[in-house]
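**Student:** Starting from the given sequences, assemble the full structure and let the hints guide the process.
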Amino acid sequence: MAKILVACGTGICTSTMAADKLKKELEKRGKAGNVSITQCKVAELSAKAADYDLIVATTQVSSKISTPVISGLPFLTGVGIDKVVDEVIEKLNL
Amino acid sequence: MKEPMELLKEELIFIDIEAKDREEAIEKMAKELYKREYVKESYINAILDREKVFPTGLPTEEVGVAIPHTDAIHVKKGAMAIGVLKNPVVFQMMGMPEENVNVNIIFMMALDEPKGQIEMLQKLMSIFQDKSILLKMRQAKTKEEIMKSFSNAI
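Chain order of the listed sequences is A and B. Counting from 1, position 55 in the first sequence corresponds to residue 55 in my numbering; the numbering is continuous, with no gaps. Counting from 1, position 32 in the second sequence corresponds to residue 32 in my numbering; the numbering is continuous, with no gaps.
Treat the hints as calculated values from the structure; they're not laboratory data. Ideal Cβ placement from N, Cα and C applies to all residues, glycine included. One should not assume that every hint holds.
Among chain B residues calculated to face chain A with C-beta under 8 Å, some are [claimed, not checked]:
no., residue
1, F54
2, G95
3, M109
In silico contact screen, one side only, chain B against chain A (beta carbon under 7 Å); selected entries [stated by the list, open to error]:
no., residue
4, L58
5, T60
6, H69
7, D71
8, M94
9, I118
10, L121
11, M125
12, F128
13, Q129
**Tutor:** Structure follows, in C-alpha cells:
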C-alpha cells in the first residue's frame with residue numbers, strides 16, 4: 001500500500017480539495033486500490049513525513065523533508081492535472 | 001453535512017469591490033462577515049496574517065481567484081463570501097509565494113467544521129475548472145447572477 005500525505009496550512013481546506021480530487025483521478029485510472037490518502041497541517045509534516053511515500057502540498061514545504069513532495073495546486077485549478085497525476089503514479093510505481 | 005447552497009448567502013456576495021491591494025480587499029470582506037456575526041472579531045486579523053504565511057492566490061485558466069481562509073476557532077457559523085473586484089489586486093500564489101496572481105474574484109471561506117464542508121469545496125473546485133462560469137461571475141452585475149452561476153455549477 002502506497003501512502004500519500006496531503007498537506008495544507010490548516011489541514012482542512014485545500015488539503016481536503018486536493019485529496020478528494022487526487023482520489024478521483026486515481027480511481028479514473030484504476031490506480032486508487034493500492035493507495036491510502038491522509039491529510040494534515042503543513043506544520044505537522046516534519047513529524048509525519050517519514051511515514052509516507054509521497055507528500056502532496058498546497059503550501060511551501062521545508063527542504064529538510066526527505067519524502068518526495070509534489071505541488072497540489074493542479075488539483076485545485078485543474079491546470080496541469082494530468083501531468084501531476086502521471087507524476088504521482090510514476091513516483092509511487094503504481 | 002451542509003449543502004453547498006446553504007453556505008452561500010446573498011448578503012455575503014459583494015460586487016464591484018474597490019480595493020487598492022489584497023489587504024484592503026480581504027479586510028473589507030472579513031469585516032462584512034464579522035458585521036453579520038458569521039465570524040469573531042479575531043477572524044479579521046487571523047485571515048490577514050494567514051494570507052501572509054500561506055498565500056491563497058490561484059491562477060485558473062482565465063480568471064485569477066483567491067480563497068483566503070483561516071482556522072475554525074475564529075468562526076461562529078460556517079459561510080462563504082464571494083467578492084468580485086472592480087479592478088484586480090495582486091495575491092501571492094498558493095504554494096509559490098514568489099509568483100503573483102492578478103485576482104478578480106475572492107472566495108472567502110469561514111469554515112467551522114473540519115469535514116463538513118467538502119461539498120462546498122468540491123463545488124468550488126469545479127467552478128475553478130470551468131472558465132465560462134468564472135468569466136460570467138467576473139462580469140456579473142447583480143448578486144442574483146452570481147448565485148445563479150454558483151448553483152449551476154456541477
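**Student:** Taking the hints in turn, state whether each one holds.
**Tutor:** To see whether the hints hold, each was checked on the structure:
1. With a cut of 8 Å, the hint placing F54/B at the interface with chain A holds, because the nearest CB-to-CB distance is about 4 Å.
2. For G95/B, the interface hint holds, the least distance from its beta-carbon to any beta-carbon of chain A being 5 Å, beneath 8 Å.
3. Of the supplied interface hints, the one on M109/B holds, with its beta-carbon coming within about 7 Å of a beta-carbon of chain A, less than 8 Å.
4. Annotation: L58/B was flagged as interfacial toward chain A, and the flag holds, the nearest CB pair being 5 Å apart, inside 7 Å.
5. Here the hint on T60/B is kept, as its CB sits about 5 Å from the closest CB of chain A, short of 7 Å.
6. Hint status for H69/B: holds, given a least beta-carbon distance of 5 Å to chain A, under 7 Å.
7. Annotation: interface hint on D71/B holds; nearest CB of chain A at approximately 6 Å, less than 7 Å.
8. Interface hint status for M94/B: upheld, as the beta-carbon distance to the closest one in chain A is roughly 6 Å, under 7 Å.
9. Hint status for I118/B: holds, given a least beta-carbon distance of 6 Å to chain A, under 7 Å.
10. With a least beta-carbon distance of about 5 Å to chain A, the hint placing L121/B at the interface is held under the 7 Å criterion.
11. The interface hint given for M125/B is met, as the beta carbon of that residue sits about 5 Å from the closest beta carbon of chain A, less than 7 Å.
12. The beta carbon of F128/B comes within 5 Å of a beta carbon in chain A, closer than 7 Å, and the hint placing it at the interface holds.
13. Look at Q129/B: its Cβ gets to within about 3 Å of chain A, closer than 7 Å, so that hint holds up.
Against the hints set out earlier in the document, no violation occurs for any number.
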